[in-house]
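Undergrad: The residues making up each chain are set out below.
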Amino acid sequence: MSDHLQLYEVFIRSRRGLDHKHVGSLHADDPEQALEYARDVYTRRGEGVSIWVVASRDITASQESDCESFYDPLDDKPYRHAAMYELPEGVDSL
Amino acid sequence: MNDNIVALPSEEKFQARIDAEEKIEPKDWMPEKYRQNLIRQISQHAHSEVIGEQPEGNWITRAPTLERKAILLAKVQDEAGHGLYLYSAAETLGITREEMIDRLHKGISKYASIFNYPSLTWADIGAIGWLVDSAAIVNQVSLQNTSYGPYARAMVRICKEESFHQRQGYNIMMVLMQGSEEQRAMAQDSLNRWWWPALMMFGPHDGESAHSAQSMKWKIKRRSNDDLRQQYVDQAVQQAHAIGLEIPDPDLKWNEDRGHYDFGEIDWDEFERVISGDGLCNRQRIAHHIKAHEDGAWVREAMAAYDSKRRARATDVA
Chain Z
1 MSDHLQLYEV FIRSRRGLDH KHVGSLHADD PEQALEYARD VYTRRGEGVS IWVVASRDIT
61 ASQESDCESF YDPLDDKPYR HAAMYELPEG VDSL
Chain Y
1001 MNDNIVALPS EEKFQARIDA EEKIEPKDWM PEKYRQNLIR QISQHAHSEV IGEQPEGNWI
1061 TRAPTLERKA ILLAKVQDEA GHGLYLYSAA ETLGITREEM IDRLHKGISK YASIFNYPSL
1121 TWADIGAIGW LVDSAAIVNQ VSLQNTSYGP YARAMVRICK EESFHQRQGY NIMMVLMQGS
1181 EEQRAMAQDS LNRWWWPALM MFGPHDGESA HSAQSMKWKI KRRSNDDLRQ QYVDQAVQQA
1241 HAIGLEIPDP DLKWNEDRGH YDFGEIDWDE FERVISGDGL CNRQRIAHHI KAHEDGAWVR
1301 EAMAAYDSKR RARATDVA
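Protein chains in written order, with this note's numbering: chain Z, 1 to 94; chain Y, 1001 to 1318.
Bear in mind the hints are in silico, worked out from the structure with no lab data behind them. From a predicted model like this one, the values you see are computed outputs, not experimental measurements. Check before you lean on any hint, since a few could be wrong.
What the hints assert, rightly or not - With a straight-line Cα cutoff of 27 Å, these simulated DSS-like cross-link-like pairs (lysine-lysine) come out:
(1) Z:21 - Y:1033
(2) Y:1217 - Y:1033
(3) Y:1219 - Z:21
With the hints as extra help, turn the sequences into a complete structure.
TA: Dropping the structure here:
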C-alpha cells in the first residue's frame, strides 16, 4: 500500500458517560481527514457526541488462534467469582 | 478539537450540564477547582487500593490453606488492578502517574486511614474483606453515578469485581465462627479492632466535612458521609449477628421510628490522629511503598532501554 489512504479504526461515544465503542473503519490521508470522514460516514443521524480515530497499524491485537494459551492461566480460578461463596440464612446484602 | 475553537463555556453552562445529570468528559471545559477536587479524590482512592495491598499481603505466605492463599493472591491482584483503573481515570485530568506517586510519598496526598492499622491475625484478613471492602462498596456504588465520566466508568468495573472480595472475607469469618472457641474468639477480637476504623472510612460528619458541600453540588459525591455510614451499619449488624458476632458498641440499638440502627459516637480524635500520619502503621506503609517503587526502578529502566534499542534497530533497517 502507498503512503496514501491509510486505514483508520473509528470509535464513537454515543452519549456522555459511555465508553467509546468501535463502529468500523475507513481510509483517509491523515487523522484530521479521518475524523471528518468518520463524522460523515458514521454519525449522519446523530449517533455520537465524540469520535476517536486511530490508525489501524497502531493497534496491537491479541490473536484469536492463541486464545487457549493466552487466557489459560485465568480459566481455573472459580474463587474469583462471588457465587462460589455461600451465604448463611438471612444474609442478603453481600 | 472543537473545544479550542468554541468560546469557553461559562461555569453556569457547566453546572447546568451537571444538574441535568449529564457526565463531564475529559476534553470538556471544567472549572479548575472541579479538576483539582477530582484529582485529589481519585488519586487518594487509587492510593487506597494500592496501600491496602500491604495489610493483606502480610498474610499471603501464612494463609491457613492453599485455597485461602490462592484466594488472597487473587484479591490482592484485583486491588492492584483497581489502583490502575483509578490512576488512569485521574490521568485523564492532566496529572501524571509520577506526580501522583510523588505526592503520596511526600504525604501531600492521603489514602484511606484504615490501612494504617495492622493485620495481626488471620481473622483480620476476614475482617478486612468483609468490613473494609463492604464499606468501600457502599461508597463506590454511589460513585457509579459521579459526574465525571471516566471515574464513574472505573467505579462500575470495580464494583463488579468487589463482591468476591467481601464474600471471601465474610466466609473467613463465618468459618472461624463455626470453629473452636479459640477461633471464635479470634474472629470477635478482629471485629472489635476493625469495627470503628471501618465506620471512620466514611469520613467526618456531614456538617464537618471539608470538601462535602461543593462535591455534592458538582455531583462528584452523590450521597453524604452520614447517609452512607448509616446504610453500612444497618447491613453489617445483620451480617455480624447471622454468624454469631457481637458489634463492639454498647450504644447500638434498633430504632423502630427511624427504621435504622442507632450507634455510638466515633472517636474523632483517633480519626484525626491517624489521618494526619500518627497511626500505628503510617510510616511503615509509606516507607514500604517508597522501597517497592525504588526496588522496581531497574525494571522500568530496562524496559526503556529495550524500547530505545528496538526503535534504533527499526530505524537502521528502514
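Undergrad: Keeping to a limit of 27 Å between CA atoms, is the pair of residue 1217 of chain Y and residue 1033 of chain Y held or broken?
TA: holds (12 Å)
Undergrad: Does the structure keep residue 21 of chain Z and residue 1033 of chain Y at a Cα separation of 27 Å or less?
TA: violated (30 Å)
Undergrad: Take the C-alpha atoms of residue 1219 of chain Y and residue 21 of chain Z, compute the straight-line distance between them, and say whether it is at most 27 Å.
TA: holds (26 Å)
Violated hint: 1 only; the structure is consistent with all others.
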